[in-house]
Each structure stands twice: as C-alpha cells, then as structure tokens.
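2 protein chains.
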Amino acid sequence: MGSLPLDALQPLDPDTFAADSSAVVDFLAGYYRDVDKYPVRAADLEPGRLRRLLPEAAPEFGEPAERILADVRRDVLPGLTHWQSPSFFAYFPMNASAAGFAGEMLSVGLNVVPFMWVASPAAVELEAVVVDWMARLVGLPDRFLFSGSGGGGGGGGGGVLQGSTCEAVVCTLAAARDRALGRIGHEGIVKLVVYASDQTHATFQKGARLVGISPANFRVVPTAAASGYALTGAAVRAAVEGDVARGLVPLYLCATVGTTGIGAVDPVRELGEVARRHGMWLHVDAAYAGSAAICPEYQGYLDGAELADSVSMNPHKWFLTNMDCCCLWVASPAALTAALSTDPEYLKNAGGGKPQAAAGAGAIDYKDWQISLSRRFRAMKLWFVLRRYGAAGMRAHIRRHVAMAEWFERAVSADERFEVVAKRRFSLVCFRLRGGGDAMNRELLAAVNASGRVFMTHFVVEGKFVIRLAVGGAMTEMRHVGDAWELVQRTAEQLLQRRGTRKNEDENPLPW
Amino acid sequence: MGSLPLDALQPLDPDTFAADSSAVVDFLAGYYRDVDKYPVRAADLEPGRLRRLLPEAAPEFGEPAERILADVRRDVLPGLTHWQSPSFFAYFPMNASAAGFAGEMLSVGLNVVPFMWVASPAAVELEAVVVDWMARLVGLPDRFLFSGSGGGGGGGGGGVLQGSTCEAVVCTLAAARDRALGRIGHEGIVKLVVYASDQTHATFQKGARLVGISPANFRVVPTAAASGYALTGAAVRAAVEGDVARGLVPLYLCATVGTTGIGAVDPVRELGEVARRHGMWLHVDAAYAGSAAICPEYQGYLDGAELADSVSMNPHKWFLTNMDCCCLWVASPAALTAALSTDPEYLKNAGGGKPQAAAGAGAIDYKDWQISLSRRFRAMKLWFVLRRYGAAGMRAHIRRHVAMAEWFERAVSADERFEVVAKRRFSLVCFRLRGGGDAMNRELLAAVNASGRVFMTHFVVEGKFVIRLAVGGAMTEMRHVGDAWELVQRTAEQLLQRRGTRKNEDENPLPW
Numbered sequence: 001m002g003s004l005p006l007d008a009l010q011p012l013d014p015d016t017f018a019a020d021s022s023a024v025v026d027f028l029a030g031y032y033r034d035v036d037k038y039p040v041r042a043a044d045l046e047p048g049r050l051r052r053l054l055p056e057a058a059p060e061f062g063e064p065a066e067r068i069l070a071d072v073r074r075d076v077l078p079g080l081t082h083w084q085s086p087s088f089f090a091y092f093p094m095n096a097s098a099a100g101f102a103g104e105m106l107s108v109g110l111n112v113v114p115f116m117w118v119a120s121p122a123a124v125e126l127e128a129v130v131v132d133w134m135a136r137l138v139g140l141p142d143r144f145l146f147s148g149s150g151g152g153g154g155g156g157g158g159g160v161l162q163g164s165t166c167e168a169v170v171c172t173l174a175a176a177r178d179r180a181l182g183r184i185g186h187e188g189i190v191k192l193v194v195y196a197s198d199q200t201h202a203t204f205q206k207g208a209r210l211v212g213i214s215p216a217n218f219r220v221v222p223t224a225a226a227s228g229y230a231l232t233g234a235a236v237r238a239a240v241e242g243d244v245a246r247g248l249v250p251l252y253l254c255a256t257v258g259t260t261g262i263g264a265v266d267p268v269r270e271l272g273e274v275a276r277r278h279g280m281w282l283h284v285d286a287a288y289a290g291s292a293a294i295c296p297e298y299q300g301y302l303d304g305a306e307l308a309d310s311v312s313m314n315p316h317k318w319f320l321t322n323m324d325c326c327c328l329w330v331a332s333p334a335a336l337t338a339a340l341s342t343d344p345e346y347l348k349n350a351g352g353g354k355p356q357a358a359a360g361a362g363a364i365d366y367k368d369w370q371i372s373l374s375r376r377f378r379a380m381k382l383w384f385v386l387r388r389y390g391a392a393g394m395r396a397h398i399r400r401h402v403a404m405a406e407w408f409e410r411a412v413s414a415d416e417r418f419e420v421v422a423k424r425r426f427s428l429v430c431f432r433l434r435g436g437g438d439a440m441n442r443e444l445l446a447a448v449n450a451s452g453r454v455f456m457t458h459f460v461v462e463g464k465f466v467i468r469l470a471v472g473g474a475m476t477e478m479r480h481v482g483d484a485w486e487l488v489q490r491t492a493e494q495l496l497q498r499r500g501t502r503k504n505e506d507e508n509p510l511p512w
Numbered sequence: 001m002g003s004l005p006l007d008a009l010q011p012l013d014p015d016t017f018a019a020d021s022s023a024v025v026d027f028l029a030g031y032y033r034d035v036d037k038y039p040v041r042a043a044d045l046e047p048g049r050l051r052r053l054l055p056e057a058a059p060e061f062g063e064p065a066e067r068i069l070a071d072v073r074r075d076v077l078p079g080l081t082h083w084q085s086p087s088f089f090a091y092f093p094m095n096a097s098a099a100g101f102a103g104e105m106l107s108v109g110l111n112v113v114p115f116m117w118v119a120s121p122a123a124v125e126l127e128a129v130v131v132d133w134m135a136r137l138v139g140l141p142d143r144f145l146f147s148g149s150g151g152g153g154g155g156g157g158g159g160v161l162q163g164s165t166c167e168a169v170v171c172t173l174a175a176a177r178d179r180a181l182g183r184i185g186h187e188g189i190v191k192l193v194v195y196a197s198d199q200t201h202a203t204f205q206k207g208a209r210l211v212g213i214s215p216a217n218f219r220v221v222p223t224a225a226a227s228g229y230a231l232t233g234a235a236v237r238a239a240v241e242g243d244v245a246r247g248l249v250p251l252y253l254c255a256t257v258g259t260t261g262i263g264a265v266d267p268v269r270e271l272g273e274v275a276r277r278h279g280m281w282l283h284v285d286a287a288y289a290g291s292a293a294i295c296p297e298y299q300g301y302l303d304g305a306e307l308a309d310s311v312s313m314n315p316h317k318w319f320l321t322n323m324d325c326c327c328l329w330v331a332s333p334a335a336l337t338a339a340l341s342t343d344p345e346y347l348k349n350a351g352g353g354k355p356q357a358a359a360g361a362g363a364i365d366y367k368d369w370q371i372s373l374s375r376r377f378r379a380m381k382l383w384f385v386l387r388r389y390g391a392a393g394m395r396a397h398i399r400r401h402v403a404m405a406e407w408f409e410r411a412v413s414a415d416e417r418f419e420v421v422a423k424r425r426f427s428l429v430c431f432r433l434r435g436g437g438d439a440m441n442r443e444l445l446a447a448v449n450a451s452g453r454v455f456m457t458h459f460v461v462e463g464k465f466v467i468r469l470a471v472g473g474a475m476t477e478m479r480h481v482g483d484a485w486e487l488v489q490r491t492a493e494q495l496l497q498r499r500g501t502r503k504n505e506d507e508n509p510l511p512w
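Going down the list, the protein sequences come from chains G and U. First residue of the first sequence: 1, per UniProt numbering; consecutive thereafter. First residue of the second sequence: 1, per UniProt numbering; consecutive thereafter.
Only chain G is shown next, with the shape it has when bound in the complex (with noise of 0.2 angstroms):
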C-alpha cells in the first residue's frame, strides 16, 4: 500500500496522550499551589527579554514535554502577570476553575467543530440547551430562549457562544445594519448612527467602525454624576433628535449592566422605549454583572429587557469558565442570520447529512449565528461548570465575592483620608486619596503594584483619576482583600508622609 516516512509521529497514541496530558495536570496543579508566591503583575517589565531568550527559529526536532514543561517555568512564569493570583484586582476577573478546566479539556480533545448541525449534531444542541439554561438562570424574558418556559413552545429566540463581547457586538450591529440597509438601501450606510454612553466599553466604537459605520457617526453621549454615570433616556432622545433633524438614521443603542469603568447601570427600559420610539436596535451588554443576575437580588437591572434586540455576558469573566466565553441571545435569530449566512456548495448536506425536516427542529447551522465559520465546543465548558457547581453554587460564588468588596468598600469608607467614588452596585470598588490629586493616586497605585502583592487597575472619571478594585478571581478570599486593603494604606502613609517632609522642606522635589 506505499511506503510512509519511517519517522511517522503518533500524534494521537493514547499512551503518550496521557503521560504528556498528566505532566500538565501536575504541572497546573502546582501552579494553582503556589501562585499566591508569583508577584501577581509581570515582575519582568523589560521588553524584549522572553525574545532574546529564544532562539531564531522553530526547533528541527522534537523533545520530551517535561523538558518544555521545565522552559515554561524558568522562561516563561516570570514573565506573565498572574490572572488567577488571588490579589489579582486589575481590569476584571477572568475565572479559571476545575470545572471550566475539565469542560475545555473535553472540548480540545473531542475536537469537533459545531458549526453546522451535521458536523456534530450534540454539540450544536447541547449549545442550545445551555444558552438557553443560563438564560432562565439570570432571567432574561422568554423572547430570547429558543424554549419558552412553557417547555412546549419556542421562545422565538435563541442564544450562541461566542469567544467574546466584541464579536457578540459586531454580529448584532450587522444585523441591525442590514435590516435598516435593508429599508434605506446600501447607501444609506453613511448616514447611520450609533448611540452609547462615555462609559460604554470601547469594543462598541471599534465594532461600530468595523461594520462600516462613519467614526463621525459614533455618539459618546455623555453621563453625570447624578445619574450614577448612567446614560439616561433623555440624553439619548436629544441626540437622536439632533442627528435626525439632520437627515441621519439612528441605527443602534448600548445599554450597558455593569460598566468596565465603574460598574454603572443605565436604566434598560428607558433606553429600550427611546430605541422602540425610534426604531433602533438595543444591546444589553452585561458582559461582567449578568454573573450577578444569577442572583434574584441583582435580576432587577436587567427590568425592560423585554424591549432589546440582543443581550450579552460573559461566562468567562465572573463565572468560573475558562477564557474564552461568551453568551449572546437575541430576540430575532433571522436578523442574525440574514446578516451573517452564508452557504457554499461544499457545507451544503447532498451528501446525506441533515434531514428536511431538521431545520425546523433545533438542527441550527451556528456558523450563521457568528463571525467564523470554524467554531469551538464551549457548550461543553460551560454545561461542566454548571453541573459541577450548580446554580445554587454559582450563587455563593458570586455573593461570596460581593460581600468582599462590600467589606473593602466599608473600610474605605471608613477611612477619612480616602473615598469612594461611585456607588458600588457588584464586586468592583472605586476608590482614591481625598488629597493629593491624580499624581499622588497615580503613585499611590504605581506603588502598590510595583510591590507584585496585588494588581490593581484605575478609570478616570470626570477627570479624576480612580483607582479600581475588581474581587472575582476563583482563589480569591477575604484574607486577600484584607491584605490589599492594608496594603493601600500602608503605601498611601508613605506617600504622604514624604509629601509632608517635602512640603516641609521645600527644596529638591521629587520628579512625582
């Protein structure tokens, strides 16, 4: 039958699978041990180094894994800032956990691509079911379920996993264009607008920009103080009258549940009637606190979801799923499709795949429903991370998190030479020095993470500068908080006592 290259790797032998696969497992497990002893950002801040460590080119032969295992610790450890640290408070909390873990590993080593029904006909329906299980959990309206509570009947929605909020956000903002394209004809794409808030993450500009929206056509709206830093529907309408009187199209509003600055909420009814009244798309992005709507206490920001197009979260921020996660439901799936379809001679089924009557029954081609057409199996990560723990688990974990930054918020609070600033609505506290303006908490926190025992992150807001407490990490314990918490303190004694003696003697300051 032919002669084969002698040297055929087995790249599948299941021996070598498991031994290689356990040295990981060994190799992670201690890792989680002793993580807490890594400075938690990049103590290696020298660009450059890992390269020069390298060599120029890939090796000519292969080597055992422990030898890379061993490359991954010496080279590679040092130079990474430690999302799972438990004092990592920086940007948001990105969950690991056993349970994500073994769900992904099930995913990478099944390796089946859910696509289109066909190509792995439980995979794309295990998908469905979740989505449409984290749906009931946080209490989103049946709309965006493709069962409705009824059990029988569709919810007419439907939910995907996407990799994350940004690609959610540029599939909804081409469906929405394409529908309004589809009333205005193509042209009309210069004159469409899209509405959000000076809080809104920036993936909305950038995904705006990528489907082809003018930069001119993106509103930053502002927000204030009284409000919360919330966008309030007043706003909006004022400048969707504005845009159009001038003949433009108002096309696609952002709500957002849990702001990455702040943590705000605007007020998802509102804005969803200004969107009804004029006919524009509105996304829910709750990409960090729709962890939180799991909990009855917190369903309540979500109220007027029934007016939005499309709602999105992340699993893989605040409930304990490993990178990369993200649910997007939306209310009309053939928006999202009609958008997003396509289908070439070689996906098409002739060769007996699905049946006629699977079209109607579940058998969703989710290459339709996103941008690639290749696709991971997150429904397994996510489905394991739910039986695992439970809703009831998931509940603790994020309240536990919670009455953390309740406690932390409590102690700044308390502290007279500090405040907070903004309220506190899930685990992110922020915080800054009443004196000393933006330099002294600029160094206040360049201090604190440079000690490698937290990371913590800042927002600016109405021009001042806020230093971000985010609790959420997996391994992450009151002791922890408590510690950062003393930590701040300690630094911002220093500080200012060096500024008190500087003041005092008034001569060679310091370059801060």
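Simulated from the structure, these hints should not be mistaken for lab results. Each hint should be verified, as a subset may be incorrect.
Every beta carbon over 10 angstroms from chain U, so not counted as near; a handful from chain G, in silico [stated by the list, open to error]: (1) G228; (2) V244; (3) E273; (4) Q299; (5) A334; (6) G435; (7) G500.
Partial selection, computed: residues in chain G whose CB lies under 8 angstroms from chain U [claimed, not checked]: (8) S21; (9) E60; (10) M94; (11) S97; (12) F101; (13) L137; (14) H186; (15) E187; (16) T342; (17) I371; (18) S372; (19) R376; (20) A474.
Positions of the beta carbon are idealized from the N, C-alpha and C atoms, including for glycine.
Using the hints, position chain U against chain G.
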C-alpha cells in the same frame, strides 16, 4: 473580616483540580483508543434528541465530575461527528495531538489574557516569536516578520494568532478599507470592490459584507479547468478595469493557495502584480495548504508573497494544533492597528505598567491586531507543538498524508469506472464515478457516509458533483485510506449493479 456564605466553592483547589482533570485525561485517552469504533458521522441524526434528554433548567446543586463524564459518554458521544476518527475525510482535517492538547491545557490553566503587553508580557512575546518561527518555516519573505532574517533588524511586518481565517479576513478587509477611505473619504465606502474567484472560500464574501462593502460590489470571478480552477491575472484585470470605468474603487483581492473545494492554487505573483497596479490589498489565504509549505517542495506555491499585504494559514487544520489557531501575517502592522486600535482610559498604563521605551521593542498590544479585546494565550499551544514535534516531525506528518492521498489518487485513476476531477496537489483528492451522472455520485456518497465507516463531503465544480477525500487526521494511517477506497469501490459496484438491473427491467424506477 465579615462573614462569608458557608458553602463557598473552592473552584481551584489543587487536589480537586488534579482529580477532576485526571478523570478527563483518562476519559480522553480511552476515547482515542476507541474512536474508530464509533460511526464517523453522528449516528443519531434525529434533531432534538439531546435536547429531549436534558432538563429544561440548570441543576440547582453540583455533582461529581464522574457523573458528568458518564453523561458525556452516554448522551453526548453518540450524537457527535468524530472529527478525530482516523476515517474522517470530510471538509478539511481538524488536527488534535498530544502536544496541541498539552499546550492548550497550559493556556487554559494559566488563563492569562495577553491583550496588552503589560497584561502578560511573556505571553505576548511568545506569540511574536512563534509567528516569526512559523513565517520562517513556510518560507515567507522577511517583510512579514517582526525580526528580519539578519537577526538584529526588524522585518517591518509581523504576525498574530487569531481564532480563524474568517477573523483574519475581517481584520485585513477593515485595514484595506480604512486605508482606502483615508484617501477618498468615508462616503466612498459604497464604491469599494472586493475580488475573489468562484473557488474562494465563502468567508471572504461574508467578511466583505461584514465590514460594510456592498454585496453588489463583491466580484466572483469565474475560473475554468484550463487554469486548474485558478484565478488568472487576466480575468481579475478585466473585472477591475470594468469597475474602474464605472467609477468604482478596487479595494481587495484574495489569492488562495489550496482552495476548499478542490485544492486549487491561485498564482500569487501574477495576482500580486495586478493588485499592485490597481492599489488593491492582496491577501493570500493558505488556510489548509499553508501547513504543506513547511516542506520545501511546496514553497513554490507562495512565490510572489512579497507582493501581498497579508497572508494567513491555520495550524488547527493540518498542523497538529487543536482548535482554534490561525496565523495572520501583515506587511504593515500600522495599517492593521489603524483600523482596529482602541485606547480607552481603563487600559492606559498610568498605574505603572509598560515602560515608555516598550512600544518599539516588541511590547505589542495585540488587542489592536484583531477584532476582540480579550484573547486566548494561543502561542503556548503552537509553541508546544513546534517544540514537541520539531520541524522535521511536522514535515513527516505532512508528507505521510500526501503519500496516502497519492496512493488514493492512483487507485482511483487505475479504476476505469472512476475519474479524478481536478489535479491533486496536497492531500485532497476529488473524484467521481464516470457513469451515472450527479445523481449516482450523490447516492454513492450518501451510502458511503451512511455506513458510518467513513465521512467524506462533496463539492460541485463546473456543475459536476465531485466527492472529496481530504486526508490529514492525526490518527489516519494507510489502512484507513485503503479501507475507504474499498468501501467506495464496493458501494459503487452495488449501485452500478442495481442500475444495470433497473435498466434491464425498465420498470418501477427507484427515486434516484
């Protein structure tokens, strides 16, 4: 320090992590051992089967990993199409390997987010190193590398790891579009034209539409047998000149090395010259066949790549790198980041992050090289594959599959009942039964797939239905290709016999 809910999870407890993960490793090793016992294409093609097996809502309480794995085995596996089966010859291969799995596990377990340099310097730098390694392996010109082959000086270009060709295409289309709109103003978006062939992947049409190109301005240039179904420079030139005469603006041209349907190869240099003359962005899509270019005997297909603006290939297809991983190289990173960068306050490094000097020295913010802000640590996976198997091992992997496809091609050619349709260049063989027309070929494919012993898909070229055998699975050996050919022959015999009988009887025709 405040009381916490008593039932707090410990989602990254190292012992639970190791126990659950080991159970999954055992599960997968067993799966690989037995995968050839499953019907290749999902056995159970009844839509809604899995949905009916699962409850309407997520469980309230968590369960042990073993119970979940038992459900995966019982409920999910029978509904999967087994992409890792050695007899999966459909679409293109989607490689898994022990090394790809190990690398992905490290990435998933560390769960860092290399979206900005400071967010994990070593992860960003490993990515820059690995895309340079890959560029060298496939013989790309220096202009697509971060570091030129001289060693010291930069190549001027650079690469990024994305999830799919589709994402890469959207990014390059947006870069090309914004470069053009910079010259002609945003209103010019309605004049931009994208060129591809009737063999080009559907993702280009989808991508063009996504970035706001009018569907009426996507040109599908016909190909013919005479050029081996390659897009010719003359055909593109004719289309472009027609459009220019009508006041339209040529924007983007796609050259494919190894088309999805039949593995055709467009002449990169010839198309590059047309693109240059008309100021178009040239993208070279080598999604599948790019892996073959690590063997010198295939690098000629990329001749002329120095005329391209971007090149992409997917290690997740035929390079033993589990889903998902797409290399995108660009000659001008600035053109890409101009279209995709964002700079919101919460990502500025004021809190003590990236040193001033960093920007130039390889401190890349990859969020500005792709659609999404967040992103996976894909470099770890590709690096692990390259280290574990080496360039020599990977070349053997490729050549082994090409040898199997050659054998199959010879076998088909030697059987006068069959014909090979379109020249085989890599590991894809397109063939059909000479007699019987499309109906019998469709039936042949349906019967072969229904046996559960192989899975192949089809394509239509110049109106003719052809069967595709794409070799490349990680576990595929000569005997599997041999068995596939025997099955095809035996099934064809039965069909031809039945047809003979029917012809003789000339009554009661069956519905095919």
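Going down the list of hints, with the structure as the test:
1. Non-interface status of G228(G) relative to chain U is upheld: no Cβ of that chain comes within 10 angstroms, the nearest being about 18 angstroms off.
2. No beta-carbon of chain U comes within 10 angstroms of the beta-carbon of V244(G); the shortest separation is about 20 angstroms.
3. Listed as a non-interface residue, E273(G) keeps its Cβ farther than 10 angstroms from every Cβ of chain U; the least gap is roughly 28 angstroms.
4. With a least CB separation of 15 angstroms from chain U, Q299(G) remains clear of the 10 angstroms interface cut-off, as annotated.
5. Every C-beta of chain U lies more than 10 angstroms from that of A334(G), the closest at about 16 angstroms, which supports listing it as non-interface.
6. Every Cβ of chain U is farther than 10 angstroms from the Cβ of G435(G); the closest lies at roughly 19 angstroms, confirming the non-interface assignment.
7. For G500(G), the condition that its CB be more than 10 angstroms from all CB atoms of chain U holds, with the nearest at approximately 23 angstroms.
8. Interface restraint check: S21(G) against chain U, minimum CB-CB distance 4 angstroms, threshold 8 angstroms, status holds.
9. Proximity of E60(G) to chain U holds as hinted, the smallest CB-CB distance being about 5 angstroms (cut-off 8 angstroms).
10. Restraint check, M94(G) versus chain U: the minimum CB separation of about 6 angstroms is within 8 angstroms; hint holds.
11. Because the beta carbon of S97(G) sits about 4 angstroms from the nearest beta carbon in chain U, less than 8 angstroms, this interface hint is met.
12. For the restraint placing F101(G) at the interface with chain U, the shortest Cβ-Cβ distance is roughly 6 angstroms, inside the 8 angstroms limit, so the hint holds.
13. Look at L137(G): its Cβ gets to within about 6 angstroms of chain U, closer than 8 angstroms, so that hint holds up.
14. The criterion of a C-beta within 8 angstroms of any C-beta in chain U is met by H186(G), whose closest approach is roughly 4 angstroms, and the hint holds.
15. The interface hint given for E187(G) is met, as the beta carbon of that residue sits about 5 angstroms from the closest beta carbon of chain U, less than 8 angstroms.
16. Given hint, T342(G) at the interface with chain U, holds; its Cβ is 4 angstroms from that chain's nearest Cβ, closer than 8 angstroms.
17. At a threshold of 8 angstroms, the smallest CB-CB gap from I371(G) to chain U is about 6 angstroms, leaving the interface hint in force.
18. Annotation: interface hint on S372(G) holds; nearest CB of chain U at approximately 4 angstroms, less than 8 angstroms.
19. With a cut of 8 angstroms, the hint placing R376(G) at the interface with chain U holds, because the nearest CB-to-CB distance is about 6 angstroms.
20. Against a cut-off of 8 angstroms between C-beta atoms, the interface hint on A474(G) holds, since the closest Cβ of chain U lies about 4 angstroms away.
Going down the numbered hints, you'll see the structure goes against none, and every one checks out.
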